[in-house]
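Q: Here are the chains, one letter per residue:
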Amino acid sequence: MTNDFIQEALGLLEREDAAPRAEFTDSLRRRFLDESLGVAAPEPAPSRSAPPRMWLPVAAVAVLLAIVGAFLVVPKPPSASAVIAEAKANFGDLPPLRAVVEKIVPASQLKAEVGAPVPDDWRVVTSIDFQDDLTWRREVLKDIHDPFTPEGTTGSYTVSTESTQLFFDPVSGTAAVDPAPQWTPDQSRLNALMEVSPTFDQASPVIDSAIQGCQVIEGDSRLGRPASHLRCTVQGEVSQADVWIDGATGMVLSLTLPNGIRFEVLSLDEQPTFPAGTFSTDTADAPTTTGSSQVPQTGLEIGQTVPVWTLPLADGGQFDLASLRGRPTIVYVWATWCGLTCSGGDPANDPLVAVDQAFREHGEELGVVTLAWADQTKAVRGEIDARALSVPTVAVSDPAGTELPPTLWRSLQGVPALVVIDANGRLSGFYLGDLQGEDIRQVVDAVLGGNPLPDIGGKTQQQLPS
Amino acid sequence: MGESVKQVAGSFATEDELRAFYDAMLPRVFSYFSRRCGSTALAEDLTQETFLSAAREIRHGSVVDEPERWIFGLARHRLVDHFRAQEREGRRLRLAWQAEETTDRSAEARSLSREQTRAALDEVPPAQRLALTLRYLDGLTIPETATAIGRSVRATESLLVRGRQSFRRAYQEVPHDE
Numbered sequence: 001m002t003n004d005f006i007q008e009a010l011g012l013l014e015r016e017d018a019a020p021r022a023e024f025t026d027s028l029r030r031r032f033l034d035e036s037l038g039v040a041a042p043e044p045a046p047s048r049s050a051p052p053r054m055w056l057p058v059a060a061v062a063v064l065l066a067i068v069g070a071f072l073v074v075p076k077p078p079s080a081s082a083v084i085a086e087a088k089a090n091f092g093d094l095p096p097l098r099a100v101v102e103k104i105v106p107a108s109q110l111k112a113e114v115g116a117p118v119p120d121d122w123r124v125v126t127s128i129d130f131q132d133d134l135t136w137r138r139e140v141l142k143d144i145h146d147p148f149t150p151e152g153t154t155g156s157y158t159v160s161t162e163s164t165q166l167f168f169d170p171v172s173g174t175a176a177v178d179p180a181p182q183w184t185p186d187q188s189r190l191n192a193l194m195e196v197s198p199t200f201d202q203a204s205p206v207i208d209s210a211i212q213g214c215q216v217i218e219g220d221s222r223l224g225r226p227a228s229h230l231r232c233t234v235q236g237e238v239s240q241a242d243v244w245i246d247g248a249t250g251m252v253l254s255l256t257l258p259n260g261i262r263f264e265v266l267s268l269d270e271q272p273t274f275p276a277g278t279f280s281t282d283t284a285d286a287p288t289t290t291g292s293s294q295v296p297q298t299g300l301e302i303g304q305t306v307p308v309w310t311l312p313l314a315d316g317g318q319f320d321l322a323s324l325r326g327r328p329t330i331v332y333v334w335a336t337w338c339g340l341t342c343s344g345g346d347p348a349n350d351p352l353v354a355v356d357q358a359f360r361e362h363g364e365e366l367g368v369v370t371l372a373w374a375d376q377t378k379a380v381r382g383e384i385d386a387r388a389l390s391v392p393t394v395a396v397s398d399p400a401g402t403e404l405p406p407t408l409w410r411s412l413q414g415v416p417a418l419v420v421i422d423a424n425g426r427l428s429g430f431y432l433g434d435l436q437g438e439d440i441r442q443v444v445d446a447v448l449g450g451n452p453l454p455d456i457g458g459k460t461q462q463q464l465p466s
Numbered sequence: 001m002g003e004s005v006k007q008v009a010g011s012f013a014t015e016d017e018l019r020a021f022y023d024a025m026l027p028r029v030f031s032y033f034s035r036r037c038g039s040t041a042l043a044e045d046l047t048q049e050t051f052l053s054a055a056r057e058i059r060h061g062s063v064v065d066e067p068e069r070w071i072f073g074l075a076r077h078r079l080v081d082h083f084r085a086q087e088r089e090g091r092r093l094r095l096a097w098q099a100e101e102t103t104d105r106s107a108e109a110r111s112l113s114r115e116q117t118r119a120a121l122d123e124v125p126p127a128q129r130l131a132l133t134l135r136y137l138d139g140l141t142i143p144e145t146a147t148a149i150g151r152s153v154r155a156t157e158s159l160l161v162r163g164r165q166s167f168r169r170a171y172q173e174v175p176h177d178e
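From first to last, the protein sequence lines stand for chains A and B.
Note that the first sequence covers residues 1 to 466 in this note's numbering.
Note that the second sequence covers residues 1 to 178 in this note's numbering.
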C-alpha cells in the first residue's frame, strides 16, 4: 500500500455527509451572535450565588462600551509581525548581547504540560549570551534547554553561541564547563524547547500562532530601553496578552499570556563581558537548522570512547556502565514526561518493552540499560512496574546533565535516544527521535549479527563520520 | 445594534452579515469535525468551541480579512488541542488497552470502505492521527503540518511514517467483505 492508498482511504471520509442537529445549530447561532455583539449574558452557566448588584456595573460598562464603540473610529491595529518587522529594521551590526530571561508557569498549566504533580510557581531563569545576526540569536534562543526540574524549582543556564557551554545550577551552586568545539543547535531539541523562546516570530509558533493581532497602548520604555507595549488578542481567550517588544532588537522583553504563563527579560546587557574564548569562532555561517538534512555535531563522535558513569538505579543500588565493557551495549534514553514520544503510543510496539525483551533474551551477549533523563525516580519506578521491566534503569534527575560526563550529555541532547556502544566501549551509533519497538529490534539484530547499524526510515540517525 | 458590529469586526458590516456567515459556515465546520472525529457529540462540542472563540475575537475587534480561512484556522486549532489532550490521556488509556486486549472485531462485517477507514483511523494513536488528518484530509504540506502541531519537520515526517504504518496495520485488521 502506498501513500496514495492513505490519501484515497482518508479521502473517503471527506465525502461523508454529516449534518448538525437543528436545535444545536439554532442554540449556537444565538450564543454566537450574542457573544460577537457583546450582548448580555454571555456566560454559559451564570453563578447561582453571584450577587446581582455585582453584575449591574459590569453590564452597564459593557453597554456603554458598545455604544461608545458605535461612534468611535477604531484604527486597524498593527499586526504583531508588523511591529516586530519595524523593530528589526532598526538592526545594524549586532553587538554581543546577554539576556536574562525568566519564565513562570502556574502549576495548573505545568500539570497540563507534563501530566505530573509540580511545585507551585515554577520558575526558570535563563541567561543567554548572543553574538552575530538575528537569525542566529533566535535559533539560540530556541535552543535554550527548558530546565524542568521535577524536584527543584529553579535552573539557570548560560549558553554561548560557540565553543563553550557553561551550565550553572543555582540550587547546588555547581557549574560545569564543556569546552568541546563545534556545538550547533539540533532541530529535534529545538522543537521540544520552542515554548521557552522569548521571541514571538515565526520561530516560535507556540506563541505566534496564538496571537492574532496587537494594539499599541501607552508606555514606551522597559528595562530603561525604548520599547513598544502591546495588547494582543490570543486565540480562544477572552483576556489579552500583555507584550513588550524591545525597540532596538525586536526581542520580546515581556509576555504575559492569559493562561498565566509569563516570560520576562530581567536584564539585557548589550556590552557584556564574556570569558576569553566564549566566541572563539566565526558564527556567520552558523546553520539555521531549517533544513531536514542537517546532521548536528555532537560532543561525541562515532569511534570515540563513551565516557563511563555510575548512576543510581531507579529501584535502588548503583549501575556502572563500565560493567558492560566486553559486550556491545545499547542505552535507551527516555523519560516519563516524554509520554507517547518515548513509549511509542502503541502497546504492542513499545520501545521500552522491546529494550526489555533484548535484555531478557540477549542479556548474556548484549549489554542493555535504560536511562530516564530529568526524571523523578518514583515516576520512573511507576513505568517500570506498569510494564514489569527487568532491564536495569538508571534515573538522572538533573536535566542539566551534571550527573553525566559533559561530552555524553552533549551527545544526548534530547529524548528519546538510543546510544549504541561497541564491545570496546566506543560509540558505534546514535539515534535521536521517536523509536518504535520494531526499530529497537532492528538495531539489536544488527548489533548481535555484527552488521552495520540500520538507517531507520523516517527517523533521525545521528551517526557521525569517524 | 447591527451598526456597532462594523466597529469591531472589519468584514461584518451588520448583524445580518454575521448571521449569514454563521449559517454558511456552521454546517461546513461541523462536517469538518465530524469527518475527522467520527462522533456527532464531539463534533458539536468542537464546533461550539470554534464559534464561541470566533465570537470572542469578533467582540475584541479582530480584523478578519478572509472569514472562511479564519474560521477554519480556528477549527484546526481546536482539532489540534483536542488531539493533544487525547495524547496526554494516552498513557492512562494505554494501560486500559493492556487490561482488555480483545476488541470485538467480529461484530459487523459490513464492508463499506469508509467504515473501515473510520474504524482503522480510530485505532491510530492521537498524535499520529492528528498528523495524518492535517496532512491528508486538510491537505497541508509537511512543513505546514509541522507548524500546526508545533513539532519539527523531521519529527512530523517521523510521525507521518508511523501514522501510515499504524493506519495500514489497523486497516488490515478491520474486518472486510472481500
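No lab work stands behind these hints: they were computed from the structure.
Check each hint, because a few of them may be wrong.
Said to hold, decoys possible - If the Cβ cut is set under 8 angstroms, some of the chain B residues that face chain A in the computed set are:
(1) 17
(2) 22
(3) 28
(4) 30
(5) 58
(6) 59
(7) 69
(8) 72
(9) 114
(10) 119
(11) 136
(12) 140
(13) 141
(14) 158
Quick caveat, the model's predicted, so the values are computed rather than measured.
No residue lacks a Cβ here, since even glycine has one placed at the ideal position from N, Cα and C.
Q: Run every hint past the structure and note whether it holds.
A: To see whether the hints hold, each was checked on the structure:
With a least beta-carbon distance of about 11 angstroms to chain A, the hint placing residue 17/B at the interface is violated under the 8 angstroms criterion. Taking 8 angstroms as the C-beta cut-off, the interface hint given for residue 22/B holds, the closest approach to chain A being about 5 angstroms. Because the closest C-beta pair between residue 28/B and chain A is about 10 angstroms apart, greater than 8 angstroms, the hint is violated. A hinted interface residue such as residue 30/B counts as satisfied when its beta carbon comes closer than 8 angstroms to some beta carbon of chain A; here the least separation is about 4 angstroms, so the hint holds.
Annotation: residue 58/B was flagged as interfacial toward chain A, and the flag holds, the nearest CB pair being 4 angstroms apart, inside 8 angstroms. For residue 59/B, the interface hint holds, since its Cβ comes within 8 angstroms of a Cβ in chain A; the closest pair sits about 5 angstroms apart. Nearest Cβ of chain A to the Cβ of residue 69/B: about 13 angstroms, over the 8 angstroms cut. The hint is violated. The beta carbon of residue 72/B comes no nearer than 13 angstroms to any beta carbon in chain A, farther than 8 angstroms, and the hint placing it at the interface is violated.
Because the beta carbon of residue 114/B sits about 4 angstroms from the nearest beta carbon in chain A, less than 8 angstroms, this interface hint is met. Annotation: interface hint on residue 119/B violated; nearest CB of chain A at approximately 11 angstroms, more than 8 angstroms. With 8 angstroms as the threshold, the beta carbon of residue 136/B comes within range of chain A, its nearest partner Cβ sitting at about 4 angstroms, so the hint holds. Annotation: residue 140/B was flagged as interfacial toward chain A, and the flag is violated, the nearest CB pair being 13 angstroms apart, outside 8 angstroms.
Taking 8 angstroms as the C-beta contact cut-off toward chain A, the hint placing residue 141/B at the interface is violated, the least distance being around 13 angstroms. About 5 angstroms separates the beta-carbon of residue 158/B from the nearest beta-carbon of chain A, less than 8 angstroms, and the hint is met.
In summary, the structure is inconsistent with hints 1, 3, 7, 8, 10, 12 and 13 from the numbered list given earlier, while agreeing with the others.
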